[in-house]
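Colleague: Those sequence lines, one after another, are chains A and B.
Offset between the first sequence (1-based) and this note's numbering: plus 6.
Offset between the second sequence (1-based) and this note's numbering: plus 6.
Hints in this document: simulated from the structure, not taken from any laboratory.
One thing to keep in mind: the hints can contain errors.
You can't tell identical chains apart in this list, so a pair holds if it fits in one copy or across any two.
[Unchecked claim] Below, simulated SDA-like cross-link-like pairs (lysine to any residue); rule was C-alpha separation at most 20 angstroms, straight line:
(1) 37 with 163
(2) 64 with 30
(3) 271 with 156
(4) 259 with 228
(5) 195 with 253
(6) 97 with 34
(7) 211 with 108
(8) 204 with 63
(9) 259 with 192
What follows is each chain in one-letter form.
There are 2 protein chains.
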Amino acid sequence: MEERLILVSNDDGMHASGIEALIETVRPFGKVLVVAPAEGQSGMSHAITIKVPVRVHKVRNEDEPDVARYICSGTPVDCIKLAISRLANRKPDLIVSGINHGGNSSASIVYSGTMAAAMEGCVNGIPSIGFSLLDISREADFSAVKEIAREIIERVLSEPLPEGVCLNVNVPQVPISEIKGIKICRQTKGFWIEEFEKRTDPNRKDYYWLTGLFQNLEPDATDTDEWALNNDYVSIVPVKIDLTSYDTMKKIKSWETEMVNSLQKSKYL
Amino acid sequence: MEERLILVSNDDGMHASGIEALIETVRPFGKVLVVAPAEGQSGMSHAITIKVPVRVHKVRNEDEPDVARYICSGTPVDCIKLAISRLANRKPDLIVSGINHGGNSSASIVYSGTMAAAMEGCVNGIPSIGFSLLDISREADFSAVKEIAREIIERVLSEPLPEGVCLNVNVPQVPISEIKGIKICRQTKGFWIEEFEKRTDPNRKDYYWLTGLFQNLEPDATDTDEWALNNDYVSIVPVKIDLTSYDTMKKIKSWETEMVNSLQKSKYL
Numbered sequence: 007m008e009e010r011l012i013l014v015s016n017d018d019g020m021h022a023s024g025i026e027a028l029i030e031t032v033r034p035f036g037k038v039l040v041v042a043p044a045e046g047q048s049g050m051s052h053a054i055t056i057k058v059p060v061r062v063h064k065v066r067n068e069d070e071p072d073v074a075r076y077i078c079s080g081t082p083v084d085c086i087k088l089a090i091s092r093l094a095n096r097k098p099d100l101i102v103s104g105i106n107h108g109g110n111s112s113a114s115i116v117y118s119g120t121m122a123a124a125m126e127g128c129v130n131g132i133p134s135i136g137f138s139l140l141d142i143s144r145e146a147d148f149s150a151v152k153e154i155a156r157e158i159i160e161r162v163l164s165e166p167l168p169e170g171v172c173l174n175v176n177v178p179q180v181p182i183s184e185i186k187g188i189k190i191c192r193q194t195k196g197f198w199i200e201e202f203e204k205r206t207d208p209n210r211k212d213y214y215w216l217t218g219l220f221q222n223l224e225p226d227a228t229d230t231d232e233w234a235l236n237n238d239y240v241s242i243v244p245v246k247i248d249l250t251s252y253d254t255m256k257k258i259k260s261w262e263t264e265m266v267n268s269l270q271k272s273k274y275l
Numbered sequence: 007m008e009e010r011l012i013l014v015s016n017d018d019g020m021h022a023s024g025i026e027a028l029i030e031t032v033r034p035f036g037k038v039l040v041v042a043p044a045e046g047q048s049g050m051s052h053a054i055t056i057k058v059p060v061r062v063h064k065v066r067n068e069d070e071p072d073v074a075r076y077i078c079s080g081t082p083v084d085c086i087k088l089a090i091s092r093l094a095n096r097k098p099d100l101i102v103s104g105i106n107h108g109g110n111s112s113a114s115i116v117y118s119g120t121m122a123a124a125m126e127g128c129v130n131g132i133p134s135i136g137f138s139l140l141d142i143s144r145e146a147d148f149s150a151v152k153e154i155a156r157e158i159i160e161r162v163l164s165e166p167l168p169e170g171v172c173l174n175v176n177v178p179q180v181p182i183s184e185i186k187g188i189k190i191c192r193q194t195k196g197f198w199i200e201e202f203e204k205r206t207d208p209n210r211k212d213y214y215w216l217t218g219l220f221q222n223l224e225p226d227a228t229d230t231d232e233w234a235l236n237n238d239y240v241s242i243v244p245v246k247i248d249l250t251s252y253d254t255m256k257k258i259k260s261w262e263t264e265m266v267n268s269l270q271k272s273k274y275l
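When you get a sec, could you build the whole thing from the sequences and use the hints?
Modeller: The following block contains the structure:
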């Protein structure tokens, strides 16, 4: 049997300790291809680089014969696309992204470069998982996440996820002995308020920094990722790349004829 | 009754003709607040600006007393966040994004700044619609989309969409008389192949341009947005901001105990 190929990326950049923790975690599972941004790309979501070309540099690492590393000037999604179309000699068997320095629960998933990389893998039909630790510090302790990640990776490799579904894994910032367990959760309904702080520069021009407070719209629900994390559980949200609301499709089906009738009355159609 | 407040944004920038077409379309519905990127931001997806501050400039337009215009240095999502938290004097009644110069059907939705702006509105509990025309030229003819957009906006204002759902509207590149009708669709399964073109710069260094061919994974399905557009129908996909795969939650529920047992055996938990 051919050895597995595991693709690793993140949004904190190649120099983050989170990606080192993830590389260590996946090395026992096969050959490792790392394609990571040159710089931090937090909040880049699913952005792709269109206006400027993308550059790639191979990192010399003779002491790691089972790991190939590339630094890419683009976004996390560029890294995945470039890895799949140009750098990997075959389709990877698994894509892991992270370990993110900071949580990606609730609506954060739409802004997260970590989860965008996983979702891009999923769009390409590759089993994909994003890992995040609720600790934004550079010196975050990834030992708990590494054990949990290994367990989840084993599970995903032995029991494939449904087509078009990847995983969003968040780990609370507590020692592994204090983790209460693992919860399969749904994405919490929430959003941010008061999101821009206004300041004035030395030239008396205003500028704004993105900031804001997360608002959990369902603080009493116990099946959400926010609840799990606030209660020291690991949260695993299975994430779909098909964003269609099938319930709404049924609900607004009658618009098809109603709108065409209306447009015909006004002689547009 | 207070006059409606309509927030308009896009990802092609304030100077695109698509946003002018959209502003004209929404003016009869109420007061208009336009917050658009200074430059084109296609492919920026749901990216937010974190590393640098965001600048905003009011555009002088004395001849348009019902329209307030701001140019923002950030992404489409920054525009929406800034509008809601800083520039609007109250919560907008409707957010419209576009009209995009180019289609956003199938998996394009995850890369699209146009749809990210609409989804950001939806995260904030505001009825939101993204409009795209399948014509990337600067001189695209928006007359058909304007009529269709007016019809859809009227419908959304009179029959509110379910919570957490916005609309992804794509219009084929044909004269309105050739449009066959309107289809409520699901997002087509698809992805891109051969995505990076390699070139060599004058300094003999390699660089890559993002390119690629869209692969429709279900060309025979007739309920998808790709089918609708290829057959000269307008496609409307209702889009959820909750990405949870509820089916998968049930399917992997047993992992909760299985993984904890496994971790306890290895004495981690």
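Colleague: Taking the hints in turn, state whether each one holds.
Modeller: Hint by hint, here is what the structure shows:
Only within a single protomer do residue 37 and residue 163 lie at most 20 angstroms apart by alpha-carbon distance; the minimum there is 15 angstroms, versus 54 angstroms between protomers. In this assembly of identical chains, the alpha carbons of residue 64 and residue 30 lie at most 20 angstroms apart only when taken from the same copy (19 angstroms versus 50 angstroms across copies). Proximity of residue 271 and residue 156 under a CA criterion of 20 angstroms is satisfied inter-copy only: 14 angstroms between copies versus 62 angstroms inside one chain copy. With identical chains, the CA atoms of residue 259 and residue 228 are at most 20 angstroms apart between copies only, with a shortest distance of 15 angstroms across copies and 34 angstroms within one.
Taking CA atoms no more than 20 angstroms apart as the test, residue 195 paired with residue 253 passes in both settings, with 18 angstroms inside one copy and 18 angstroms between copies. Taking the closest pair of Cα atoms, residue 97 and residue 34 come within 20 angstroms of each other only inside a single copy of the chain (19 angstroms); across copies the shortest separation is 52 angstroms, beyond that limit. Within a single copy, residue 211 and residue 108 get their C-alpha atoms no closer than 32 angstroms, and across copies no closer than 35 angstroms, so neither meets the 20 angstroms cut-off. In the homo-oligomer, the alpha carbons of residue 204 and residue 63 lie at most 20 angstroms apart only across protomers (14 angstroms), although the nearest pairing inside one protomer, at 38 angstroms, exceeds that limit.
Taking identical chains as interchangeable, the C-alpha atoms of residue 259 and residue 192 lie at most 20 angstroms apart only when they sit on different chains, with a minimum of 12 angstroms there against 27 angstroms within one chain.
When each numbered hint is compared with the structure, a violation occurs for hint 7 only.
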